[in-house]
Amino acid sequence: MSKFTRTALGLAAALAVVAPGALAAKTLVYCSEGSPENFTPAVNTTGTSFDAARPVYDQLVLFERGSSKVIPGLAESWTVSDDSKTITFKLRKGVKFHSGVNNFKPTRDFNADDVIWSFERQWKADHAYAKVSGGKYDYFADMDMDKLLDTITKTDDYTVVMKLKEPAAPMMANLAMDFATIHSKEYADMLDKAGKKEQFDQIPVGTGPFSFVTYQKDAVIRYKKNPAYWGEKALVDDLVYAITSDPTARFSKLKAGECHYAIAPRPADLPEIRKDAKLQVISQSGLNIAYWAFNVQKPPFDKKEVRQALNMAIDKATIIRDVYLGAGQAAKNLIPPTLWSYNDKVKDYPFDQAKAKELLAKAGVKTPMDIDLWYMPVQRPYNPNAKRIAEMMQADLAKVGVNAKLVTFEWGEYRKRAQQGEHQTAQLGWTGDNGDPDNFFFLRGCSGARAGGQNITKWCNKEFDELLVKARSTADVAARTKAYERMQEIQKDEAPDLTIAHSIVNDAAAANLVGYKMAPLGSHHFKGVDLK
Amino acid sequence: MLIHFLKRLALTIPTFFALMFITFIAIRLVPGDPVEVRVGERGISPERLAQFRAELGLDQPVWKQFLDYVWGILHGDFGKSLVTNEKVMTEFFTLFPATIELSFAAMMFATIIGIPAGAIAAVKRGSRFDQTLMGLSVAGFSMPIFWWGLLLIMLVAERLHLTPVSGRIDLIKFYFEPVTGFMLIDALLSDQKGAFKDALHHLILPMIVLGTVPLAVIARMTRSSMLEVLSEDYVRTARAKGLSPARVIGLHALRNALIPVVTVIGLSVGSLMAGAVLTETIFSWPGVGKWLIEAIGRRDYPALQGGVMLISAIVILVNLGVDVLYGVINPRIRHGA
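Each protein sequence line maps, in turn, to chains A and B.
Going by our numbering, the first sequence opens with residue 1, and the numbers climb by one from there.
Going by our numbering, the second sequence opens with residue 1, and the numbers climb by one from there.
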């Protein structure tokens, strides 16, 4: 054999070894919208940060992919005591933390110590990591975890007992949220010993379907498949987040094949994406609501007829068409139709300006009447253009003899003043956190109707509030559903607000991307997703 | 020469302090503070709000906050980002190489094309080339960067597939950790075949977009300055001596005509930074421009202030450098000083 042939054969053999691996490696590129604050959801508040942490982590319970249903996660099962105040979790055995990330080699499987560590960091001020990365645990506080939790203890390595101060039906949904992510105590101890605590939130180690590889701010995050994952495995070998903040650039990258999935295309680009055979639009109605609140403590909005009249005076369909541009659906209830306990029997007020005038006259209102109409100075996920909506409402109101003066403030100031109840009428909205109806209905509860509270209608209805409290304190889903259905009827009749719209969330993907299920909670998941 | 340099250096100090004061006040005049921006529809309890403000030092009187800030800067401490808790200096210098790489490429593009084009236009004054070039330069100068960038992406990257859309390297084909932060250099160091070429490909569109305005300015400036010089007596003398036209134009005319052009290049560093903000956003270029825009949105005071200070310092120093270069090109200035 000549030297040349030997070399050629050697090369061919080498290629044969390398090539199948090289060809088989599947990389999925997600064009995301921004850089994460860091990789620990508990200290963050943005969806961008949660999306970046999600491939790496699990929670005790998870939201089923594509729904807001709570399913077992790192806890295999759980039982709730009769008084609904004690939850006992049986933990999954044999779950491995990622090995090799930041030179961490776990010596044991996931166990109860990790669970307790993860909650106590957010809960106990004397925890070794309490002050790391700013130490602000917004979601833990916002979901009232500090007020609800009494103790979290372990009875053995795979049993955790959570005692609550009061029954809280939404607790399981809370535990599936990103802030309730379970971290490795062993990894935290290793960094603590090395004096590198700040790395804990920068270089994440979890139990999730992908393990972290690298992050370059504003450019890229890389993950690789975790072959030892306990649950539904990743179908691609590498996952890359290409950080692309401009929506037009994301769309262009998708078209050029530089990414396979792009978050939030511009509504104007949707028709073109739908037409393109190489692309697909993935849609889901958003778990949110945009509403126009009437301050019932200020005349004439103390009169039900006035509130009902204004509900009839506004041409909602035109607002949906012209402002939401197809990315929204008219709302008749406070909760979106995808949420359990949605009452489809509720009838919305018809658009009937003659009837509206009649009702106003019946209520003894003298027209022309002057009111204020507040609109947010910012775009929100549930409301693309509050100012435009306010202008359209203003025009509609003029036709029934109501002169609306448009008012706005800087965003922080706006919320503060509206919560104080300084407005007559104001637009606002809500994005659901955890897929539990309570997470929407508390917005109309009596406890939020005090000055500074979140119920900016300042409406406090006894029957509504009793049902709200009752539904919160039982785990019986049928009973809760009944209560919420009745509450939707009360709310529609009393009309403390005009429910405007639920937005429709659109993402775009390459046509060869399969298995993606869009989450109603707005999160992005890439396990179970493949490229054909 | 040294005295000239020291004088100029001394003059930058008050400029720097004035800038620091103005940015500090301006940022605080923008409505909304970092804590409130973080809070969504849920709102925040007054106790928690007060606690966070105190932790960030926002409950102190503004003059005290300013003195603390100046004290920090004098000790080389620009504070920590409120969003990521990273040191502002660390974040800035992680992202800055990308901005330098892009700005440098844009400037090279602008000078390499702009100076010869302007010189030729001057020599062939009134010709079709001259008229076309001047027309184009007005268009280039008044081009909105955002629109120009998107147009090029659609045409060159999407339709003609000549370049990638955005980013700095093909993320599917290449993976290496940054060493210097300059993608071209890192690509060479990575030893991955094709990485350098790919990085260069990614640089083309943003370079053209960011380089367009300076290109127009430089071409126009070179032309008018050249025209002036060409009518000088010494150029006529050089011609009369029988020197070749290339020598007359290249050595005698162009060298003198370049003096105002160099000033313009120095001054464009400032506008280049402003352009980088937009260019980086369109092309997902991970530089300091994009970072600053996000810091404004999140009212990340330390990042915003630190970023503005560091960029201003660099612009000031570059202009100082230009002044020195001036002296090198034009001995009359240093002798006059």
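No lab work stands behind these hints, which were simulated from the structure alone.
Among the hints, a few may not be true.
To be verified - Simulated restraints, written as ranges between beta carbons of each label pair:
| no. | chain 1 | residue 1 | chain 2 | residue 2 | range |
| --- | --- | --- | --- | --- | --- |
| 1 | B | Phe146 | A | Thr214 | 50 to 60 Å |
| 2 | A | Lys131 | B | Leu9 | 40 to 50 Å |
| 3 | B | Phe129 | A | Val281 | 42 to 52 Å |
| 4 | A | Asp146 | B | Leu162 | 36 to 46 Å |
| 5 | B | Ile13 | A | Arg274 | 54 to 64 Å |
| 6 | A | Pro227 | B | Val324 | 51 to 61 Å |
| 7 | A | Lys131 | B | Trp71 | 35 to 45 Å |
| 8 | B | Ala54 | A | Ala475 | 51 to 61 Å |
| 9 | B | Ile100 | A | Ala475 | 39 to 49 Å |
| 10 | B | Gln192 | A | Glu76 | 25 to 35 Å |
Beta carbons: idealized from backbone N, C-alpha and C, even for Gly.
Okay, the hints, checked on the actual structure:
1. Between phenylalanine 146 of chain B and threonine 214 of chain A the beta carbon distance is about 31 Å. The supplied range of 50 to 60 Å is therefore violated.
2. Distance hint for lysine 131 of chain A and leucine 9 of chain B: a CB-CB separation of about 42 Å, consistent with the stated range 40 to 50 Å.
3. For the hinted restraint 42 to 52 Å between phenylalanine 129 of chain B and valine 281 of chain A, the CB-CB distance of approximately 49 Å keeps it satisfied.
4. Separation of aspartate 146 of chain A from leucine 162 of chain B is about 57 Å and departs from the stated range, judged on CB atoms against 36 to 46 Å.
5. About 60 Å separates the C-beta atoms of isoleucine 13 of chain B and arginine 274 of chain A, a value consistent with the hinted range of 54 to 64 Å.
6. Between proline 227 of chain A and valine 324 of chain B the Cβ separation comes to about 59 Å, which falls inside the hinted range of 51 to 61 Å.
7. Between lysine 131 of chain A and tryptophan 71 of chain B the Cβ separation comes to about 23 Å, which falls outside the hinted range of 35 to 45 Å.
8. About 40 Å separates the C-beta atoms of alanine 54 of chain B and alanine 475 of chain A, a value inconsistent with the hinted range of 51 to 61 Å.
9. Roughly 59 Å separates the CB atoms of isoleucine 100 of chain B and alanine 475 of chain A, a value that falls outside the hinted 39 to 49 Å.
10. At roughly 44 Å, the beta-carbon separation of glutamine 192 of chain B and glutamate 76 of chain A lies outside the given 25 to 35 Å, and the hint is violated.
Hint violations for this structure: numbers 1, 4, 7, 8, 9, 10, all remaining hints satisfied.
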